[in-house]
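Engineer: Generate the whole structure from the sequences, applying the supplied hints.
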Amino acid sequence: MRPLLKVEELTTIYETGNQRIKAVNNVNLEVFEGEIFGIAGESACGKTTLANSILKMIKPPGKIVSGKIIFEGIDLLSLSDDELRKIRWQKIAYIPQASMNALNPVLRIFDQLFDVVKAHKKDASKEEVLKRAKELFASVGLPANVLKMYPHELSGGMRQRVIIAMSLILNPRLLIADEPTTALDVVVQRGIIQLLKEINKKFGTTILLITHDMAVHAQLVDRLAIMYAGKIVEIGSVFDVFKKPLHPYTELLIDSIPRIGEKKRLTGIMGLPPDLGNPPPGCVFHPRCPFKVSGKCEVVEPSLKQVSKNRWVACHLIKGEESE
Amino acid sequence: MSNLNLLELKDVTKTFTSGFLFKKKIVAVDNVSFSIPREKASIFVLAGESGSGKSTIARIILGFIRPDKGEVLYRGRNIFSFDSKEFTLYRKEVQAVFQDPYSSFNPVYPVDHILSITAKMISRDENKDIDKTIDEALISVGLRPSEVRNKYPYQLSGGQKQRVLFARALLPRPKLIIADEPVSMLDASLRAEILNLMLDLKTKLGISFLYITHDLSTANYVGDYIAVLYKGSLVEMGPIDKVISDPLHPYTKLLMSSVPVPDPLKRWEERISTPETEAFHGTTSGCKFYDRCPFRKDECKKDSPPLKSIGDRFIACYLY
Chain A
1 MRPLLKVEEL TTIYETGNQR IKAVNNVNLE VFEGEIFGIA GESACGKTTL
51 ANSILKMIKP PGKIVSGKII FEGIDLLSLS DDELRKIRWQ KIAYIPQASM
101 NALNPVLRIF DQLFDVVKAH KKDASKEEVL KRAKELFASV GLPANVLKMY
151 PHELSGGMRQ RVIIAMSLIL NPRLLIADEP TTALDVVVQR GIIQLLKEIN
201 KKFGTTILLI THDMAVHAQL VDRLAIMYAG KIVEIGSVFD VFKKPLHPYT
251 ELLIDSIPRI GEKKRLTGIM GLPPDLGNPP PGCVFHPRCP FKVSGKCEVV
301 EPSLKQVSKN RWVACHLIKG EESE
Chain B
1001 MSNLNLLELK DVTKTFTSGF LFKKKIVAVD NVSFSIPREK ASIFVLAGES
1051 GSGKSTIARI ILGFIRPDKG EVLYRGRNIF SFDSKEFTLY RKEVQAVFQD
1101 PYSSFNPVYP VDHILSITAK MISRDENKDI DKTIDEALIS VGLRPSEVRN
1151 KYPYQLSGGQ KQRVLFARAL LPRPKLIIAD EPVSMLDASL RAEILNLMLD
1201 LKTKLGISFL YITHDLSTAN YVGDYIAVLY KGSLVEMGPI DKVISDPLHP
1251 YTKLLMSSVP VPDPLKRWEE RISTPETEAF HGTTSGCKFY DRCPFRKDEC
1301 KKDSPPLKSI GDRFIACYLY
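Chains as they are written, first to last, in the working numbering: chain A, 1 to 324; chain B, 1001 to 1320.
None of these hints come from the bench; they were simulated from the model.
Since we're looking at a predicted model, the values are computed, not measured.
It is possible that some hints are incorrect.
[Claimed, not checked] Derived contacts from chain B toward chain A, CB cut-off under 8 Å, selection only: (1) Asp1187; (2) Ala1188; (3) Ser1258.
All residues carry an ideal CB built from backbone N, CA and C; glycine is no exception.
Structural biologist: Structural data, given as structure tokens:
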């Protein structure tokens, strides 16, 4: 498999007053064509900043200070705004968090969809778009009459389906979805997880899924990256990561999820995520890590090392095959 | 008889009216009855999707709104017939912790402030030392008083904030805490500590909880007993281990099968139909789950099914 998207040494900061917060800190990752790639991590670990950086949508006081975003062989960060407009939505579609609440309340669904197409393809005809929209709505499990409705007539789950259909209208190769199932009821959430899986199969759309919910990752993604304090600490196939988490943070995170039918006492993770304006020296996780090696972890920052085919970990306890 | 119960809801109904010219009635809570026993501290889970009436029930129990019909009995007496002195005592014994620890603090005061308001009211009645009371409460939720008392809310994590709010709820030494989605805004690593805190408060201090949530995996972790709500009505109620391992009502079954298992080896295999498209039409009579029910019969359309007792469980469904 070849990478469709490659993030190389990306660092994005927020500068406020005399604080300089590294929200994304030297991140490297590859998303392969046709896969569902998940990014997991707790609030404020930099997941959303990473997504926004990929599409160069960071606004001041945020700033991408270094790195490359290679998509189809081109570094997106080197493109002008006009050139980027041709990539956004047509090649890479983005579903931001809570976008289902961002539909225009006074426009019918079809008109909003048509506006999207118009913005990217000036010569699009209404008939053509209507035909495509009907096909798409059938694929996302919505009846065609929803096209004539207003957002307030739809339930949360239906609005999320509308957003997913909208994101696919220009047939993108990559879909970035930020917390697409958060704030939905479980039954509706299951439907959306199923839908994303079907889209990936049916249209071959590569999906980059961002969520804090490890159970959603377990159900949906092929490969998973774990983020902590702006850094990727582990990448691997979702089966390997859940079966044998290598980084202590991943292990503790998986152990802190309650499972139905089990009443084993949950451990949680002691302490707090670090202040990114003043991160600890050495490994960012060392203040909370029960396995830290004194003299090493608080001094030397571990790099993301490949430990086996398709498995990367940033931890001194894990020996790599090769160092980067 | 009902004195065996700490709290009992009897046929509680609450209807809200919305709209200006075209008034629309929404039955938020429909004939709900359940009870929390008195003899042994327990965690009673009230589970349901958004809009199922969970929080309305919490607001009724706390006396914020009055039900249109039915009674809320505390130790056998209707809370809406209490005089103001009795009601104050009731509100001391029944405390609340809500969903959002981030917006429950006044950002310009240190943590001490929120605790001292409550502590002052308590110590005025009991002649106790304010500082000591606050320290005790903080220790029982696993916080070190010297570390948190002078901190401002922004210096604490969500989990710590929620712990402080639990400490505040503990100050009046309650018998029952109404916890409305207390962990849904917290990260997984912090969520575990709050759930464990609830378990500890139950076993060590003998405090009962009404734990209101949409999340069945956390419910299963802490709960002893569960009541499942659907559009304002109770559909199933019973000991949580039984309800979760063997749900009987078709809605409980659907709910249980929709909880994602955090294990990639246990992925869903069968496809579910997408019910949201029909769900919002709503039926006017009969079982509220009719539209989405795979086992529906004509009978279900006529009258709403009563809550029947089967073994140690209650189910509102014509299948049983």
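Engineer: Broken hints, numbered, in rising order?
Structural biologist: The structure conflicts with no hint, since it agrees with every one listed earlier.
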